[in-house]
Amino acid sequence: MLKRSIENLGNRTIQGVWRIGFATRFFLAMLLHSGTAFRRFGLTIREMYFTGVLSLIIILVSGLFVGMVLGLQGYETLQTYGSEEALGVLVALSLVRELGPVVAALLFASRAGSAITAEIGLMKATEQLSAMEMMAVDPIARVVAPRFWAGVISMPLLAALFSAMGIFGGYLVGVQLIGVDEGSFWSQMQSAVDFEQDILNGVIKSVVFGVAITTIALFEGYDAPPTAEGVSGATTRTVVTSSLAVLALDFVLTAFMFRGIN
Amino acid sequence: MQHDNLVEIEDVVFGYGARPVLKGVNLTAKRGQIIAIMGSSGCGKTTLLRLIGGQVKPGQGTVRVAGESVGELDSAGLYRLRRKMGMLFQFGALFTDMSVFDNVAFQLREHTDLPEDAIRDLVLMKLHAVGLRGAAQLMPAELSGGMARRVALARAIALEPALVMYDEPFAGLDPISLGVTGNLIRRLTDTLGLTSLVVTHDVQESLKIVDYVYFVSEGVIVAKGSADDIRASDLPYVHQFVHGEADGPVPFHYPAPSYADDLRLGG
Chain L
1046 MLKRSIENLG NRTIQGVWRI GFATRFFLAM LLHSGTAFRR FGLTIREMYF TGVLSLIIIL
1106 VSGLFVGMVL GLQGYETLQT YGSEEALGVL VALSLVRELG PVVAALLFAS RAGSAITAEI
1166 GLMKATEQLS AMEMMAVDPI ARVVAPRFWA GVISMPLLAA LFSAMGIFGG YLVGVQLIGV
1226 DEGSFWSQMQ SAVDFEQDIL NGVIKSVVFG VAITTIALFE GYDAPPTAEG VSGATTRTVV
1286 TSSLAVLALD FVLTAFMFRG IN
Chain S
144 MQHDNLVEIE DVVFGYGARP VLKGVNLTAK RGQIIAIMGS SGCGKTTLLR LIGGQVKPGQ
204 GTVRVAGESV GELDSAGLYR LRRKMGMLFQ FGALFTDMSV FDNVAFQLRE HTDLPEDAIR
264 DLVLMKLHAV GLRGAAQLMP AELSGGMARR VALARAIALE PALVMYDEPF AGLDPISLGV
324 TGNLIRRLTD TLGLTSLVVT HDVQESLKIV DYVYFVSEGV IVAKGSADDI RASDLPYVHQ
384 FVHGEADGPV PFHYPAPSYA DDLRLGG
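Residue numbers (the working numbering), protein chains in the order written: chain L, 1046 to 1307; chain S, 144 to 410.
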């Protein structure tokens, strides 16, 4: 019994290490074969439509509601200290630094990441990737790399739209509904939000999240066992792993980016 | 110099992990012929195609296509060689996000600089050859199994390869589609001067069209010959296979402990 448990543990460890090695090789191969994704940018644009444009509804609606809730909650807290004019700053900084990149990335992982894994996994299961190889076309260059770059380009754009929509939601609730002064809402926001420290760092975060999510999604699809069960398991793993990766990376990036900022 | 044999497999040994699949196979395919590779499911037929296509490398022995040793080629060499090959997968493996037209045009767009007008003409000619010119704008999901197989055939011959490999082209087809597919393979092989390798377990349909047959069982070639030789063969395995007998050298029962023991009748 004990021997079998140790064997199982050893087996899982070996498989885990092997998988990390395979994922690293996959990532490097993807970067190495990215030429096609740029030379024939139409392929990447097409994938941007599927991963980016089709994610717009969920991103915009979620951004609006998150901003509206921030407006309500922020106003409740700020009015205790008599500084409700700072609502604009609170809403904008929360969104641009944290909620925009992180929540948009979590939504992107569940909306687009799962779709990418399922698509690649099914292409593998139905031998479409093998067929491509037999036609002397490298699936990493033709199928995987354009999806990767589409995800990496779409992610910061979606995060920016999420933040913009959130700020609009905060404005609707704070200014139009509750009656915070419109001038101070916008002017305080404008003077407090720093382009480099806040916006640029938020963009960097979302690019990193984009790389992580699309890499995980593509790898899980490419590595999925070619069965219905295999593809469904891979899709679930994509959402779970990439969500956890986003949260962990967010902590690490925040720790480095916002050290010493007041 | 052109070799008479397009494909030459010599003493090939191959296994997946510790499980041996092929244990010393010799096979040749002459140019312009249809060669059938027959045998029961899981006997290593498809693995032979994967070896020829370079998707896996032999453990021992050599696989030569057009004089080049497939196992020794680097990826650039392999991709160059694959342009001379076409492959028809078991269920077509059409790209589901592309129309029939785009599927057939895929290789022409990837590997040539032909203008779109010329590609259009070539694609329509290939689709006409398989009788599906009228289905050019359909999506793969709108096709029947037999039609999908024919589109995949048109796609496989788009670049006019020297060798076309067919993985179970007759599996799951109705009798009409079965005859259509068999005739197409024969006609295209003759008119385009191809060499065709057909992996199948459909004896009756394939014996009508093939020039030479190899029988694979348990990783070795157990019989070979023309279609008539195979029909007349008195080898027990071939006889069982050709006549579809339930029991024989290939047993009906999967190996198991004694029936009485399993039912605990021993007392």
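These aren't lab readings, by the way, just hints derived from the structure by calculation.
Each residue gets a CB set at the ideal place from its N, CA and C atoms; glycine is no exception.
Accuracy of the hints is not assured; some may be wrong.
Pair ranges (Cβ atoms, derived) [stated by the list, open to error]:
#	chain 1	residue 1	chain 2	residue 2	range
1	L	P1270	S	D404	32 to 38 Å
2	L	I1065	S	D256	52 to 58 Å
3	L	Y1094	S	D264	27 to 33 Å
Hint check against the structure, violated hint numbers in rising order: Structure breaks hint 2 only.
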